[in-house]
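Novice: Below, each chain spelled out in residue letters.
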Amino acid sequence: MTAPLKTIEELQVDIATDPASIVELTSQALSDLNSLGRQLNAVVHVAIDDAIARAEGLRDTAVRDDADRSSTLFGIPVAHKELYMRVGWPCEGGSKTLAGHHAQRTAFVVDKLDRQGAVDCGRLTSVELALGTTGHNAYAGTPTNPWNLQYICGGSSSGSGAVVAAGIVPVSLGSDTGGSVRLPAAACGLVGIKPTHGLVSRTGVIALSPSLDTVGPLTRSVRDGAIVLQAIAAVDDEDSSSVPFDFPDLLHNLEDGLAGLRIGWPSNHFFEDAEGSVADGIDEVFRLMGRLGAECVDVEVPGIETANAMTMLIIAVEGAALHERTILENHSAFGEQALARLLVGFFIPARDYYNALANRASVAKRVLAETFEYVDTVITPVWPYPLPTIEESNVGANPEAAEMLLRSGHNTRAVNYLGFPAVNLPTGFDANGLPTSVQLIGAPYTEAKLLRIARALERELNFWSTRPRLSVLAK
Amino acid sequence: MRSAVADFRRSDIRNYLMLRNRIREEEMVDETDNEHEALLILKCTAVGIASETLADTADVAKRLCTQSGPVDGGTLDPRHYIDYQHLFLKLARKTSI
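Sequences listed follow chains A and B, in order. To convert, note that position 161 of the first sequence is 234 in my numbering; the numbers rise steadily by one, no gaps. To convert, note that position 87 of the second sequence is 90 in my numbering; the numbers rise steadily by one, no gaps.
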């Protein structure tokens, strides 16, 4: 492995020492997005002029000593999934149905990152309209995994996973409706955070299922993830799910370790579909947590199987409603898989959709009372099986891929139905040399605790300091 | 859109009726849910979406509805929907870390 990449805080030290490095850092990120990023099929837009102008402006501010030193992302290059709007930038959502579309507004969270001094460098490939977990996209391109180019990046925030794992930018925002931050984070060896329902605004992000959509960061380290989540979590009057919350300083207790915390091993659902090597890997991490001072117990997560199905049902209905007009006017522009998934929503009776939404509070309350009353987090796999290759998971080429796709979200979907937070943490490598990981699920608004747990494991496992060998690609 | 619906061909209607019959045979849809869905299916066939595709997606929908459990009449109370957002407002107020 080559030298470790720098964290956001290390980059901030460099920038404070030499403000001119902001422009160098941005230029390098733009160059890498244009070359390596495009070779990985992970980039759809590189904003060279806008990003350089922004970097030069920040540099000049810093040189004049006018810079706000509390800005946590000052001069840090970022790039986001192509669902994130910025006025005037292309915004196709990975779909031919939106070909040529340019954003009319800027997403709330993109603006929040701007205010913290981030330099937005471009947009990254998404699965079509966020409808998929493997990363396949016949229109925008299928990103390849930087750890092994034959393998998928996961989805739907596939470009985000590839670009951060390749070390092009330290952070990218993805979106997560049934696992679309956690699955690519797991596939690419990254920290992926799916925040609590209502904690982070979705305004200005192309919607898939407004009842379930969340947005969150993919980063290489837990600390970077905490910094970015801190920057974007805020009340937004334009987002009906937004909940006022006095968000704690996520870095304050980050290094406090596992002592006094209870970790739950779910006795139902999550390991029923997990292949042996995956379950064994999680078991090793579970035992490590015990050695690090946590109390490890078995726990049940009630109602989770039904919640899994209801998540798919809600996505189908809301996706169909959002795209009904386009389906009827321009259905041939959709990819085959996206169209098939959207059409399902036309066949679901209103009473079943209403039932799924109406039961949400009672299922969440039951999980709070019967699970999170006893543990601080539940540890699970993200992918239930070792990561497949691009070819193996291509529905058009492999008849078994459809079943693989259905199984892929087994451990992630229901978390969106509950609205609870979850973090993916990379833990090591499997037999194919691809990243392994764990999912840590918590009660609402316990992101600080989940990140503290993740950080304790990260310190031991030290995955984040490794990086893919990309010598096969010109960089 | 208006022109597409107006331009139904005889084969479109035949395909639609075949699909509808298949769905009814499988007891996928009861009469009370039919109107809007029927119109959508009619429009889908009119714009050229294959009947087989629609039948396959109907199968998936049926499976999802079954897996989601039976409709509980007790939950069909508007308060249950509002409860979810209220739950998070309440948790946000009382959560301290």
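Since the hints were derived computationally from the structure, they do not count as laboratory data. Please read these numbers as outputs of a predicted model, since none were measured by experiment. Any given hint could be a false lead.
To be verified - Which stretches of chain A does chain B cover? Using the computed rule of at least three CB atoms under 8 Å from a CB of chain B, they are: (1) 116 to 124; (2) 382 to 388; (3) 416 to 425; (4) 465 to 476.
C-beta atoms are modelled at their ideal positions from N, C-alpha and C, and glycine is treated no differently.
Novice: Run every hint past the structure and note whether it holds.
Specialist: Outcome of the hint check:
Only residues whose beta carbon comes within less than 8 Å of a beta carbon in chain B count, and the segment 116 to 124 of chain A has 0; fewer than three means the coverage is violated. For the segment 382 to 388 of chain A, the stated coverage by chain B is satisfied: 4 residues place a CB nearer than 8 Å to a CB of that chain, which reaches the threshold of 3. Three residues within the 8 Å Cβ limit are the bar, and the segment 416 to 425 of chain A against chain B gives 10, so the coverage statement holds. With 0 residues having a beta carbon nearer than 8 Å to a beta carbon of chain B, the segment 465 to 476 of chain A misses the requirement of three or more and the stated coverage is violated.
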